[in-house]
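Asker: Fit chain B to the known structure of chain A by using the hints.
If you're matching them up, the sequences are chains A and B in order. Taking the numbering used here, the leading residue of the first sequence gets 780, the next gets one more, and so forth. Taking the numbering used here, the leading residue of the second sequence gets 8, the next gets one more, and so forth.
A couple of the hints might just be wrong.
Claimed, not checked - If you only want the chain A side, here are some residues facing chain B, beta carbon under 7 Å, derived:
id: 1; residue: 790
id: 2; residue: 791
id: 3; residue: 793
id: 4; residue: 796
id: 5; residue: 800
id: 6; residue: 807
id: 7; residue: 808
id: 8; residue: 953
Said to hold, decoys possible - Computed spacing ranges between beta-carbons, pair by pair:
id: 9; chain 1: B; residue 1: 124; chain 2: A; residue 2: 790; range: 16 to 22 Å
id: 10; chain 1: A; residue 1: 958; chain 2: B; residue 2: 180; range: 55 to 61 Å
id: 11; chain 1: A; residue 1: 895; chain 2: B; residue 2: 169; range: 32 to 38 Å
id: 12; chain 1: A; residue 1: 955; chain 2: B; residue 2: 49; range: 30 to 36 Å
id: 13; chain 1: A; residue 1: 788; chain 2: B; residue 2: 73; range: 27 to 33 Å
id: 14; chain 1: B; residue 1: 90; chain 2: A; residue 2: 790; range: 26 to 32 Å
id: 15; chain 1: B; residue 1: 134; chain 2: A; residue 2: 790; range: 27 to 33 Å
id: 16; chain 1: B; residue 1: 131; chain 2: A; residue 2: 881; range: 57 to 63 Å
id: 17; chain 1: A; residue 1: 788; chain 2: B; residue 2: 121; range: 34 to 40 Å
id: 18; chain 1: B; residue 1: 106; chain 2: A; residue 2: 879; range: 34 to 40 Å
id: 19; chain 1: B; residue 1: 68; chain 2: A; residue 2: 939; range: 54 to 60 Å
id: 20; chain 1: A; residue 1: 895; chain 2: B; residue 2: 124; range: 38 to 44 Å
id: 21; chain 1: B; residue 1: 120; chain 2: A; residue 2: 881; range: 41 to 47 Å
It should be emphasised that the hints constitute simulated quantities derived from the structure, not laboratory data. Ideal Cβ placement from N, Cα and C applies to all residues, glycine included.
Listed below, chain by chain, are the residues.
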Amino acid sequence: MNLSEVERPPGGFEGRLEAELVSVVAEYGAAGAAPARQAAGPRPAQRPARQRPAVRIGVLAGLAAGAAIALPLAIGSGSPPPPATGHDGVTLAAYTVARNADGSLTVTINDLRDPQGLAHTLAATGVSVKVTVSDQGPSCRRLSSTPWPDREQVLKIFRNNQLGHPAGHAFTFYPAEVPAGATVVVQLLRSADGFGLITGARQTSVPAHWIGCGPDRG
Amino acid sequence: MGARAESPVRSIGTDPAAFTEFYRAHVDEVTRFVVRRVADPELAADLTAEVFLAVIGASATYRGSFGGPRTWLYGIARNAIAAEFRRSARERRAAGLISGRRLLDADDVDRLVEKIDAARRVRMLHEELQALPEGERAVLELVSVDGLTVAEAAAALRIRPATARVRLHRARRALRSTPVKSVIEREVTS
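Excised from the complex, chain A in its bound form (with noise of 0.2 Å):
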């Protein structure tokens, strides 16, 4: 096998599968360490959310499949902010969730308190979505680093990075853009060097991406 053919991205299953292994070892990667010789073992369990100001933060985004979900536009109904022309936002204890004319949302991460309270949030715009909290993420240099494949698929779900911005961490979530049947994985992360974005997938065709890393604000 020559290195062109390793470093075009396998179609088919092997994608697919790819995009979840991937998945797993960003995990595992996250955790600091993977559970040595467990072939099939429990996923790390994900340490609880500490505000620690002198810690970077990063943030690793994924989507995993679900059940078949509908992709509608319309925020639903409860605690999330109303459907809105301009911006409408709610401020978390944790987060800054904004909404858009055009029904994206953008978000703004202050610090990893609330997961769930983000989760809710975005879930509002009927995607499925799941946020978890993880003290030890991989390395800006380590992510500015990796490359993945399809970037530009994942990109349209998460834009506007401005990761490190003196107002926070924001992106713009697009839930249009979601692949029906697929679950939105955020995964707050601490790293040693900065504050970093990434896009993974979990069983979907979407493959894993990183898409910026920038020097923490604290």
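Answerer: Here is chain B on its own, set in the frame of chain A:
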């Protein structure tokens, strides 16, 4: 890839880039390894996923191997598949991180069936070997079914080459009177 402590293999369990490179270099080989053992495309997909999950779990303990990561991979693959066969289907569903078969579409199944058909003869050989004691079967399996050298098979199984040669000799002698003798002789000596 070398066998030094900082081998990229050691980081494939936690570094997506390192894993991706390893996966793309070996996924076809692993799939062929699997279809030499099973004829069902859905099970083959599950086992392919399981082998790579085992690789991810074992990567941190990689200490280098004669023949490089490939022989290490074969040892992992063989153990992972054997472990899967020891489990019940229910246990597999409960424990598995990834259901390989759920990732299959019709084209994938067609491609897998082609590989399965191509491996038919050697898969029959693998089935015949099941009657042998485990230690002897393991060596003969890796040599005759998977095409490793005796030294590579020894590395994959973490036994001494001399031990592997003895077991191979015994395995061939045990099978000498069976209908697959000609296949064994040809595979081992080729």
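Asker: Hint by hint, note whether the structure agrees.
Answerer: The hints, checked one at a time:
no., hint, in the structure
1, 790, "9 Å, violated"
2, 791, "5 Å, holds"
3, 793, "5 Å, holds"
4, 796, "6 Å, holds"
5, 800, "5 Å, holds"
6, 807, "5 Å, holds"
7, 808, "4 Å, holds"
8, 953, "23 Å, violated"
9, 124/B - 790/A: 16 to 22 Å, "21 Å, holds"
10, 958/A - 180/B: 55 to 61 Å, "57 Å, holds"
11, 895/A - 169/B: 32 to 38 Å, "59 Å, violated"
12, 955/A - 49/B: 30 to 36 Å, "33 Å, holds"
13, 788/A - 73/B: 27 to 33 Å, "31 Å, holds"
14, 90/B - 790/A: 26 to 32 Å, "29 Å, holds"
15, 134/B - 790/A: 27 to 33 Å, "32 Å, holds"
16, 131/B - 881/A: 57 to 63 Å, "60 Å, holds"
17, 788/A - 121/B: 34 to 40 Å, "21 Å, violated"
18, 106/B - 879/A: 34 to 40 Å, "37 Å, holds"
19, 68/B - 939/A: 54 to 60 Å, "42 Å, violated"
20, 895/A - 124/B: 38 to 44 Å, "50 Å, violated"
21, 120/B - 881/A: 41 to 47 Å, "45 Å, holds"
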